[in-house]
Amino acid sequence: MNNSNSFFRDDRKSLFIATAMAIILVGVAPYFLDAYLVNVLIRAFLYAAVALTVDILWGYTGILTFGQSAFFGIGAYSAGLIFTHMGFSTANAIVAIAVGVGVAVAVAGIVGSLAFYHGASNLYGSVVTLVLPIIVTQIIFSGGNFTGSSSGLSAFQSFDFSMELWFWISGLFLILLTFSTWIFVRSDAGSVLVAIRENESRCEYLGINVSYVKICLLMSSAVIAAIAGYAFASAQMVVAPEYAGFVFGTELLTWVALGGRGTLIGPVIGTLGIDVSTSYLSGNLPFVWKLILGIIFVLVIVAMPRGMAPLFMRRSRRAQGDLMDKKNPVRIDRVASTVFEDSKVNAIELRGVRKHFGSLKVLEDITLNVRPGELVSLVGPNGAGKTTLIRCISDGNERSSGSVLINGHDIGNRPPYECVAFGIGRKFQMANTFEALTVVESLRIARTRLHRPSFADRAEFLELPDAAAKVIVATGLDKELDTETRNLSHGQKQALELAMVLALEPSVLLLDEPTAGLTSLERNVIGQILTELATVHRLCVVLVEHDLDFVRQISSRVIVLHQGKIVLDGTVEQVVESELVRTIYSGGAQSIGGHS
Amino acid sequence: MKNPGLLIALAMVSFMGTAKAQDAIKIGVPVGLSGANSVVAPSVVQAAELAVEEINAKGGILGKKVLLEVADDGSGAAGALKAFDSLIFQKKVNVLISMETSAARNAGLAVVSRGKTPFIYTSFYEGRSCNPYLYVNAWVPDQQVAPIVDFFMKKHGAKTFFLVGSDYAFGRGMLEFTRSYITKMGGKVLGEEYLPMDGSDWTSVIAKLKGAKPDAVITSTAGGAPNVTLTKQLRAAGVTIPYGNLAVDEGTAKSMGADADGIYISGSYLTNIDSAKNKEFLAAMNKKFGANLKTPNDLSVPQYEGIYAYKAAVEKAGSTDADKVIKALAEVSVDGPRGNIRMNKQRHAPLTMYLGQVQKDGTVTVIDVFKDVDPGDQCPNLK
Amino acid sequence: MSILLDILTTAAILYVVAAGLMIIFGVMKIINFAHGGFLTVGGYSTLIGTMIGLNVWSVLLMAFGTGFFFGLLIERFVVRPLYSRPLDAILATWGLGIILGQVITIVFGREVQVVPSPISGASELFGVSYSQYRLILVIAALIIAGGLTLLLGKTRLGLETRAVIMNETLARALGINSSLVRLITFSLGAALASLAGALITPLSSVDPNMGVPWLINAFMLVMVSGVSFMSLAIACLVLGGAQVLVSTYANPVLGGMTIAVLAALMLRLRPKGFARE
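Those protein sequence lines, which keep their order, are chains A, D and L.
1 is the number of the first residue of the first sequence in the working numbering; add one for each residue after it.
1 is the number of the first residue of the second sequence in the working numbering; add one for each residue after it.
1 is the number of the first residue of the third sequence in the working numbering; add one for each residue after it.
Certain hints may be false.
Calculated cross-link-like contacts (lysine to any residue; reagent style SDA-like; alpha-carbon spacing at most 20 Å) [said to hold, decoys possible]:
id, chain 1, residue 1, chain 2, residue 2
1, L, Lys29, L, Arg172
2, D, Lys116, A, Thr278
3, D, Lys213, L, Ser129
4, D, Lys116, A, Phe159
5, D, Lys91, A, Phe32
6, D, Lys213, L, Leu5
7, D, Lys208, L, Ser2
8, D, Lys116, A, Ser162
9, D, Lys254, L, Thr50
10, D, Lys210, L, Ser123
11, D, Lys210, L, Thr248
12, D, Lys213, L, Asn177
13, D, Lys360, L, Pro116
14, D, Lys92, A, Thr278
15, D, Lys116, A, Phe161
16, D, Lys208, L, Thr50
17, D, Lys208, L, Ser129
18, D, Lys213, L, Val128
19, D, Lys213, L, Thr248
20, D, Lys208, L, Pro116
21, D, Lys210, L, Glu124
22, D, Lys294, L, Pro116
23, D, Lys210, L, Leu135
24, L, Lys29, A, Leu123
25, D, Lys210, L, Val128
26, L, Lys29, A, Ala155
27, D, Lys116, A, Glu164
28, D, Lys208, L, Val128
29, A, Lys290, L, Asn209
30, D, Lys208, A, Phe161
31, D, Lys213, L, Ser123
32, D, Lys91, A, Arg43
33, D, Lys92, A, Phe32
34, D, Lys208, L, Leu5
35, D, Lys92, A, Tyr31
36, D, Lys208, L, Glu124
Hints are computed from structural coordinates only; laboratory data are not their basis.
Produce the complete structure using the sequences and hints provided.
Below, the structure is given as structure tokens:
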């Protein structure tokens, strides 16, 4: 009987069948197709493999990359150079592939750290991937006779394989690659990619080292592209700078866009279809065909960002459903929320924190301590600097001067994901969630820091700390586990974000307007949860709130911020009765929480 | 079933390729319709078309009609791979007769070997390209470089030279030969600079040239665009020393207009060759193409003669079988606009070479003629 | 001395080519990857213009006008829907560049064409004989820079454009028709690109892909300049100068990638590039 967690699950049956059929097709095809088509397909299979990596990087993770061609070229030129200058032998063949893959990985690591450093914009990342193939091409050009420069290298000896054998090798390579990537993108680790694409900042604040993930992705993609390039050079026995260049890099993007980005199968079929059909056009037709492709490409980008695949996929909805692991309803496993020890160390310590934009001062000399177990409300008129203060506590790069310590650790210039490691959990003012992911998927992303997601599977159950589970139940989200976030109401999104942050099990909770959009019943539940977290679990909770009733109900301490300075820091009673606060908030007559 | 449509499409497409019957003789012409060679490619295609028309009018080859299949090789290796593949495996041509850039030729030879198709290469090139299926009826540096260098050294008293080329097999090969010839004759090479084949900004190269103050400059770029850009920029920079261009044809020189004035060229064909065959050829070209005629030149005339050579070889061998034709190609000769040509020296041909100078109006004045220059040892391992 | 002139003229050429891309990026925050296609359009306009016998000024005007016209069409139908998706805008405009190139190929043929230079030869300057046309391009760059500065600084359209650059939402709230500003800006950018294509034709040749090599360099220069004509000029001088130095003293091939590499590194160290604040 199939263990429902095994690799060969029932609901994976269709996937295995499809893969088996593809293998059989590839096996018999050379006997039915003519030599020209076989040749064309060998190339097309390898291009499709590279297109697959582009889809992972761009379609799934949102990294617009022009540079996969560079890695293809590196793999190809390793073969070309070594076979030309050192001759061909089994030993050299192994050396060539090792060198190709090694260089590709090293280059990917360097390029990745340049392109994906914390704080890099997406545009900058794309710019770097754009420059890479240009550099590789120019290096090839500068090699004179050694690299063949513009001529490329040809007539080197290679594997003594027949065309059929190359067909099987490249076909099998593509099928296995597609199979394993399919499993990967449907696993829990795969949804991290989508989360990064949807909302990188939210991922950072959930403790995910986004730069690291991107660099790893780039390096793995580089390996695959380099292997494809190596196979290409060995089969064709020609290498030329065009194979490493910028134009080829953008062609890959075109194929992926036309096939349907983020669908995996779409780019593969798109590449095969377009490359094969182009090879059959002669005369002026190639230019007309390229023109048509160009027009469709522009249309697709402008009007149909998800490419043509959804059009066709709708017809095989049933097939699609079978090929995707049927989602067994995920069970929520409640675990007790961590109780933090009462330590002598301050949860939050701010010393002389300042923030200014040029000559505009937003925060001036903020110095305060918050102990674990305190439930602090941060109040003040709009523009007082409350959200900025929250940002300064959770992101080491944000403040202009001063120091911030979390649980005794100086956050220095550390990016958010490292602050999360010190115990920070931050909920944003505007619901900051993953639109394309479901509720349960979002929660699992939130648990990523504590539970490494599977690379091949969707876990059947989701561990959630009590506090998060209570939020889910209280707001009815437990009935919407499989609903995509974009379909939730605004209040539900707020609640989901709160639950995600609680799932992180932070010891310092920073909440920016946690009750916005919630009903009074829900607000009460949230209030209870927060109180319990502070008093029983000894979390440090800092709220930014405008709902002053709520503030009165649950806070143990209120800090009033005005024009970037702390004007009052005391108990609820002290602040409520304060003359100063009254003046700040309104024209003077009303006190907070009272009625006129 | 993932996509039945795809399978059907693939099946249809595969039948497309195999259906043709072989009752015509197909000549494949992969040529640089785009890219660096695109300036000269149209003249090559015209020469081929005339040859085929004439042959068909006289009954074809062995009674079969001759068809031309032209494919664009993009003037480079990647494009050549596709073009040669398409011609040999899809269109199933009997022979390839064409001029390519050396980048394209080298890549194409890999496919030629796999497809076992004879290949008559009709472009001048850097020499020493050898392949069991390859024949060459155009000149190699051993035939072409000496006239220019000798002339510069004797008539212009040049002792120092500066070399400029496109960075690929042809550019490097030609200039390597030129350098060793110059040194052998007692001259000195002050500098050797290259730009990639598609490069068009010669600023720094020209700066180095002017800085070196040579007596003469010799260039060997890819035919077509690089020639034009280099010459334009040289003239714009005021370079007026004797300028020998190893790789320009009459047609391109004409299109350069006044900039080409004074350039020395050395080649195996000039339109003003005074022979009956040449006049006949030019008349026929004018008649066929009229106002659209691209000036016949040293890259297009060998194409015309190459097709006739193939005809002669097939007739001698009595079949289009590759091995028989390969053997026969060394034994037949063609009487063409360039004279009597036989590819019997290690797959290459002795040729009559002309040293000329381009004039303001684009015509070329003949300075000297060298009869039947030997190509030297090109492929000692092939006979 | 001659290398200084090389640097100056190279910077001028780069400036002329990049100016159009910059105003589009500044106002619309979109990188117009069809820029190379517009350069090509300019080159081919020059071809037609010279063939029908127009004089130099008319040819340039024709190139400018053609670019402007295509710019209008493209902004309206392709770029407008993509304002909120800058990465997609890069791709869509790249696709447009391909379309422009293919249309040109189908109409004109794919071969390289030759356009005669209006001015040839060298002249004596500071004791060095230097290409006249390149020197003229320096003057052209100054005229373009001056014209754009005047346009932006002294006209009403320029004022509105600057407002949109600084804060589009606020500008609209104040009644400025930002859609019109964007339309005019894009078309102006396209027209400048086309003009640049016409200006560089005498130094090289005309073929359907002539614009592509310039695209990358122009793009990197714009990224590093922010939105200031001054910083673009500085970028062109510094990076263009680096390119000339590397080409001359090391290798012309490596020189070709100097701008791209230096720009990428510079952006890493100082994301604002040459711009001030």
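Results of checking the hints against the structure:
1. L:Lys29 / L:Arg172: Holds - the C-alpha atoms of L:Arg172 and L:Lys29 are around 17 Å apart, at most 20 Å.
2. D:Lys116 / A:Thr278: This hinted pair is violated, its Cα atoms lying about 25 Å apart.
3. D:Lys213 / L:Ser129: The hint holds at about 13 Å.
4. D:Lys116 / A:Phe159: holds (19 Å)
5. D:Lys91 / A:Phe32: Judged against 20 Å, a Cα distance of about 18 Å means the pair holds.
6. D:Lys213 / L:Leu5: holds (18 Å)
7. D:Lys208 / L:Ser2: Satisfied, since the Cα-Cα distance of roughly 10 Å is no more than 20 Å.
8. D:Lys116 / A:Ser162: Within the cut-off at roughly 15 Å; holds.
9. D:Lys254 / L:Thr50: holds (17 Å)
10. D:Lys210 / L:Ser123: This hinted pair holds, its Cα atoms lying about 14 Å apart.
11. D:Lys210 / L:Thr248: Measuring from Cα to Cα gives roughly 12 Å; hence the hint holds.
12. D:Lys213 / L:Asn177: At roughly 60 Å apart (the allowed maximum being 20 Å), L:Asn177 and D:Lys213 break the hint.
13. D:Lys360 / L:Pro116: Measuring from Cα to Cα gives roughly 14 Å; hence the hint holds.
14. D:Lys92 / A:Thr278: Since the Cα atoms of D:Lys92 and A:Thr278 sit roughly 18 Å apart, the hinted pair holds (cutoff 20 Å).
15. D:Lys116 / A:Phe161: Given that 20 Å is the threshold and the Cα spacing comes to 17 Å, the pair holds.
16. D:Lys208 / L:Thr50: Status violated; Cα separation ~33 Å.
17. D:Lys208 / L:Ser129: Holds, at roughly 14 Å.
18. D:Lys213 / L:Val128: At roughly 13 Å apart (the allowed maximum being 20 Å), L:Val128 and D:Lys213 satisfy the hint.
19. D:Lys213 / L:Thr248: Within the cut-off at roughly 16 Å; holds.
20. D:Lys208 / L:Pro116: Violated, because 25 Å separates the two Cα atoms, which is more than 20 Å.
21. D:Lys210 / L:Glu124: holds (14 Å)
22. D:Lys294 / L:Pro116: holds (18 Å)
23. D:Lys210 / L:Leu135: It holds: about 17 Å lies between the C-alpha atoms, which stays within 20 Å.
24. L:Lys29 / A:Leu123: Holds - the C-alpha atoms of A:Leu123 and L:Lys29 are around 11 Å apart, at most 20 Å.
25. D:Lys210 / L:Val128: The hint holds at about 10 Å.
26. L:Lys29 / A:Ala155: With a Cα-Cα distance of about 48 Å, the restraint between L:Lys29 and A:Ala155 is violated, given a limit of 20 Å.
27. D:Lys116 / A:Glu164: holds (18 Å)
28. D:Lys208 / L:Val128: Cα-Cα ~14 Å, so holds.
29. A:Lys290 / L:Asn209: holds (14 Å)
30. D:Lys208 / A:Phe161: With Cα atoms ~48 Å apart, D:Lys208 and A:Phe161 exceed 20 Å; violated.
31. D:Lys213 / L:Ser123: Distance of about 18 Å is within 20 Å: holds.
32. D:Lys91 / A:Arg43: Since the Cα atoms of D:Lys91 and A:Arg43 sit roughly 19 Å apart, the hinted pair holds (cutoff 20 Å).
33. D:Lys92 / A:Phe32: Measuring from Cα to Cα gives roughly 18 Å; hence the hint holds.
34. D:Lys208 / L:Leu5: holds (14 Å)
35. D:Lys92 / A:Tyr31: Measuring from Cα to Cα gives roughly 19 Å; hence the hint holds.
36. D:Lys208 / L:Glu124: holds (18 Å)
Hint violations for this structure: numbers 2, 12, 16, 20, 26 and 30, all remaining hints satisfied.
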